[in-house]
Amino acid sequence: MLIDEEDTRPYECDGLTLLRQLPMVVVLPESEAQVIQVLKICHALNVPVVPRGAGTGLAGSALPHAGGVLLSLAKFNRILKIDPQARTATVQPGVPNLAISAAAAPYRLYYAPDPSSQIACTIGGNVAENSGGVHCLKYGLTLHNVLRVHGLTVAGESVEFGGTSLDAPGLDLLALVIGSEGMLAVTTEVTVRLVPNPQTACCIMASFADVEDAGRAVAALIAAGIIPAGLEMLDQAAARLVEPFANAGYDLDAAAILLCESDGTPEEVAEEITRMSEVLRAAHATRLQVSAHEAERQRFWAGRKNAFPAAGRAAPAYYCTDGTIPRKHLGAMLKSIQAMERQFGLRCPNVFHAGDGNLHPLILFDDCDPDSVARAEAFGAAILEASVRLGGTITGEHGVGVEKLDQMCSQFDRPTLDAFHAVKRAFDPPGLLNPGKVVPTLHRCAEYGRMRVHAGELKFPELPRF
Amino acid sequence: MEDALTSLADRVRAATAERTPLQIRAGGTKDFYGNTPRGEVLDPRVLQGILAYEPEELVITALAGTSLTEVEATLQAHGQMLAFEPPHFGSSATIGGCVAAGLAGPRRASSGYTYGSVRDFLLGARLLDGRGQLLSFGGTVIKNVAGYDVARVLAGSLGILGVIVDVSLKVLPRPVCEATLRFEMDEVTALSKLNSWGGEPLPISASAWSGGTLTLRLSGAAAAVRSARPRLGGEEIGSTDADAFWREVREHTAQFFAGSEPLWRLSLPSTAEPHGLSAEQLIEWGGALRWLRASLPATEIRGRAQRLGGHATLFRGGDRAQGVFTPLTPALAAIHQRLKAQFDPHGIFNPGRMFDVL
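As given, the protein sequences belong to chains C and P, one line each in that order.
First residue of the first sequence? That's 1 in this note's numbering, and the numbers climb one at a time after it.
First residue of the second sequence? That's 1001 in this note's numbering, and the numbers climb one at a time after it.
So that you can see chain P by itself, here it is in the shape it has in the complex (with noise of 0.2 Å):
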């Protein structure tokens, strides 16, 4: 791992050195996300293998280039899982793509101790930087505030900064218990059902609406789950079907990613009214999370996201080259620009991916 770890250093060095922009990518699965992908190709999956796990600490510890699935597979035989349920886009995804990429799948915005995204899992990591030199943030354990939690900034990153060398992240228990309900309603309906049910103590982990159908998956303890059974009714799925329908929401197999056209990302206040825009809608993560197949001018997605108290990304599809992701104020893009300047001074890594001038 050391040879690795001192050829990619001496890479990143040549590379600041000439000026030479740099595509930090390993499996590709993540290609379509962001701007457009350019620099010569530099794969971390020289970087392998799980480096620790002990269960009962919670935490698993990985380098970049370990296939997610190996990841998963790990903490699977052990009965433990990553809570925020990321999206593979492929079977070559790599823990070290997952975190860059900062996506988090249908357990987001569940209730309980499995609530977050990719950041609030994130416990250290270590980072290459543009003067090649290897950087460690955070640690291993779950209460640690010293110096600045920059290891949490990486999450959605996608690369600007550095390369992630490894990751630590919290693990947890895989629930006892699941079931799947479905219910048909309305959007209007479904919207206000998903946010009352949000302040009572009821054990949901995943919401997905769509065509009139609101799927709700239930997590927890055995008693937990029966006991919100009868308060929530809806009509219960198989585990069989339940697993594939939620699986095809995360990889976006499901019929509503078919096709060629637009995918948006409209991420919202939960309480947000419908959007009224003319296109076709899958809503998750409580109300919170809505896609949208729209092949409307991206200014409109904006404007109507922003009003709405969110931002829209341009998620797979369309045409990149304005910028997929919502631009920021003029304040935070002073902060960001400084930000990249410190750690990769010359900016070689993933140019233009998360912004233009970044």
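Isolated chain C (complex conformation) (with noise of 0.2 Å):
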């Protein structure tokens, strides 16, 4: 247990480090039973209680609560099986996403989901946040690769969401577990599925003059019947900054640039390159580069993996969202992020999931500076507004935190943000286990309401109102 202001300060904050908070305490338990007893006893004593994996979110999901407990899973860190007959790893939650392919890697499997923060996120904190990657459009999301959390309820009650057969009786309440941002039960324990690696992987990099070409592009290559293993868009800023850190060989003369990834046997893969080499040309790429070799296809994805730290270079700060949108919108939504740029005096370079519409634009600023900052703060919240009037949504895969609670009164309606509440309530009847999080109160909304309209931007300023 960590009491002292200098052994809680490191916990302060998670990867949203524009929001901090000292928690009252830290516990850091080693044993179920010992996660049971702190349960038991906040719950007897009406206490809050966070939970917390690596810490490597970045909405803020596990920000402490300046009166309740920050409790730590760093130590659940062992794997338990790794069952290659049945594809399955049991591993605790503070196991590492990317240590479990690396456990199953000697049986020729691996875990799918792959976040940007695989060497440090932890599976614990995948289950909280329902996290992706840039495989998702083929291989899902952690919700389509785990089949069972082991876990206790608020009151320390020891529950099983799913299990090890691919169904469970009654409702599937794992799928609501997972993405519940630690509000709905704490997790110790989880079963995941491994899949086999695939023989072979082939990268093309696709140039495009206009970045809605290479937005047309990316419904071209799903409109011909093709489901690329990755798909992911960097606009010229965007490769331009990352170029001179990951020596990656992008094309800097291009406005936009495709990665698109086919994999599985060697035959399987030189069709669909081919394929996909048709559908790029005449959706106008300019260049198509692919991979000759394997490292020359990691050192593709080096560049865009590494977008953020070089973002980090570039600039004192740097503020990533994630809303995500159909994906005709693409070109549309990277030409008005353009605009914002001027509208809020920020550069925002982009990297996209564009086979799922995910975007994750990179808005650098100043953070010692108060006006930068909330430039900043605005730009993201300009563009979360603009994906929800795209009929998308404000996260596709960070989570809400504390982070896009306003925007969440803008994707949602009164009643639905009221039936969350009462799931919350369902699963957490006391509303100890990370409150505040997620779900804007009523109060918030309307707060955030008259603010928008007091700084004139109305919602929807098009529809007439009376």
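Simulated from the structure, these hints should not be mistaken for lab results.
Being a predicted model, the structure only gives us computed values, none of them experimental.
One or more hints might be untrue.
[Claimed, not checked] Derived, one-sided and incomplete: chain C residues facing chain P with beta-carbon distance under 8 Å:
| id | residue |
| --- | --- |
| 1 | Gly132 |
| 2 | Thr153 |
| 3 | Leu173 |
| 4 | Ala175 |
| 5 | Val439 |
[Said to hold, decoys possible] Computed footprint of chain C on chain P, listed as stretches where at least three residues anywhere in the stretch have a Cβ under 8 Å from a Cβ of chain C:
| id | stretch |
| --- | --- |
| 6 | 1107 to 1113 |
| 7 | 1249 to 1255 |
For every residue, glycine included, the Cβ atom is placed at its ideal position computed from N, Cα and C.
Work from the hints to combine the two standalone chains into their complex.
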């Protein structure tokens, strides 16, 4: 247990460093029995509990509660079982995402979801956030790859969601718990599905003279019946940002680059790369470069996966959100973000999980300048509002946390937000698990509504109002 | 559509006010499934039609009362499909009933991107709750973690949380190439083979073992299917016979499903050893789904399934009075009851259909 400020200070924020809060106390239990004890004591004393994995989350889901216990599951770091025949791994929640694939590698199996932070982020955190990655379109999210979550209720009672068969009796509560940001139960054990390593993979780097052409190429690939293993877009600003850092060999003259990957048997990949190349050419790609060998493929991806650290080098700070929109609007969205760069006076390179329509604008700002911070936050919020207007969502994979509470008011109507509160009450009647996250209160939405009207930014200004 | 929705909402509010149980029932093709339905029939087929379908977005949105055949035909015309290959169990099946039942067909345990059940492909849904309020969960994009994923819980919810108004489902391109292979082998060998093949990069999209014969379907790129053939062996059967075979397995019209003996559905880890119960058996999903024809006591079948790490459902026939589903643990039952009470405070929707207390 950590109480002194110098010990609790490292836990004051997660990957969303804009928001910081010291917890009352930090606990680092080593056994499930200890977690049960912590929960029972907190339940009896009516003290909030905030679960935390590696703290890599980008939405403030693990932001401590001033009057609460920060429950770190970092010591739950054992891989309990790899079952190659059943193709499952049973692990404790503090095991890093990539460590599961490393443990499964001798059996030529791996755990598919691969968030960019996979070296550090833990499976417990992945379950809490329903984390994605660059291969979601083909291989699914955390939700599609987790069979079973063993956890504890707010009262410290043991509970099992899902199972080692493909379904379980009753309502599919596993689907609710995954992505619930630590607000419904505390995860103490996870069974994931492992899939066979593809025999080979190959990546095309396609250049486009216009971002809207690149957006249309994404739609054209899908319309041609192709499900790429990975389909990522970088705009010119992002390519220029990462190239000196990662030496990925990107075409720096292109307005946008698509990375389009195929995996499978050698024959299958050859067939698919041919089809992809035809579609990309027809969609006005100005240049295609097919990875000639594994090292080159890895290099193409290294650039994409290093976009965040590269942004960290290019400016004092960066702010990344993850709104998701229908793919057909990708090009138009990039154009809107370019206009917003002028409006807010900040640069914003873009990397997208294009196959999923999942945006990752990297707003560069100066965290020592309060005005720059305020403009960055307003810029991020404006992109999320635009995502909702285009029929998308404010968060594709990072979660709501505290960061996007206001935008939840834009995406959902009051009865639906009330239903979310009702779900929370059904799992956690006293409301002690990670309180105040994900679902805004009625009061907060009213305040947000007023603020937006005052700023002259009415939602849907084109609609008649009476 | 708005008028129909308004009248449905009025009906729900009146039922809540008068505490009148409602049985949400469209085509009635799944009346046999779950505990015995009761209550006044509320037919969601007043809500019909495909609201949105853009093939390049890989998503279709349809009102709950839309015919499942119409949805599948629309997708087929654009070379796409519902990858979970749902059973219809009759020509009047609707997309709402398909989601509420949450039943998937042979492709559910496939390798690759077509893997998954109804919930895995359900992106969003609108629901009328017990107060007659219209709630909107999820959306139409494949990555969406805003708020709790309530839409997916509706898959397999048997209508106990409310009336599904519309659903948005992720759809996928139909495989370019398919082939069906047949092998003669006993149960133990089949289970062992299926699990080993599952660990290899093979394009297996369905499996069915019964009476000493294993039938295997391959789906994917032509090159993938071609290269897997020699690796697997077996004897290929013609595509017409193959399509008929998988349709009969999916729709339970195969010979195995004929007759009046109770049909049990055992959902087990794919590696579970043979259950050893004296019963005719058909195994699907690489070993993870085992259909049994047996008149044995429910306690014996359930006990065996639980010891093997899964659960057993009395799927069709037999005596439904004692509950067809495996009872929940007390911790899960408490969450179920509170969740039901939040969405349906007076318990009007499909009472008892899933569990007696819900």
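Hint-by-hint comparison with the structure:
1. For Gly132 of chain C, the interface hint holds, the least distance from its beta-carbon to any beta-carbon of chain P being 5 Å, beneath 8 Å.
2. The closest approach between the C-beta of Thr153 of chain C and any C-beta of chain P is roughly 6 Å, which is under the 8 Å cut-off, so the hint is satisfied.
3. Interface hint status for Leu173 of chain C: upheld, as the beta-carbon distance to the closest one in chain P is roughly 6 Å, under 8 Å.
4. The interface hint given for Ala175 of chain C holds, since its Cβ lies 4 Å from the closest Cβ of chain P, which is under the 8 Å cut-off.
5. Checking Val439 of chain C against chain P: minimum C-beta separation of about 7 Å stays under 8 Å; hint holds.
6. Counting residues of the stretch 1107 to 1113 of chain P whose C-beta sits closer than 8 Å to any C-beta of chain C gives 5, which meets the bar of three, so the coverage hint holds.
7. With 0 residues bearing a CB less than 8 Å from a CB of chain C, the stretch 1249 to 1255 of chain P misses the requirement of three and the coverage assertion fails.
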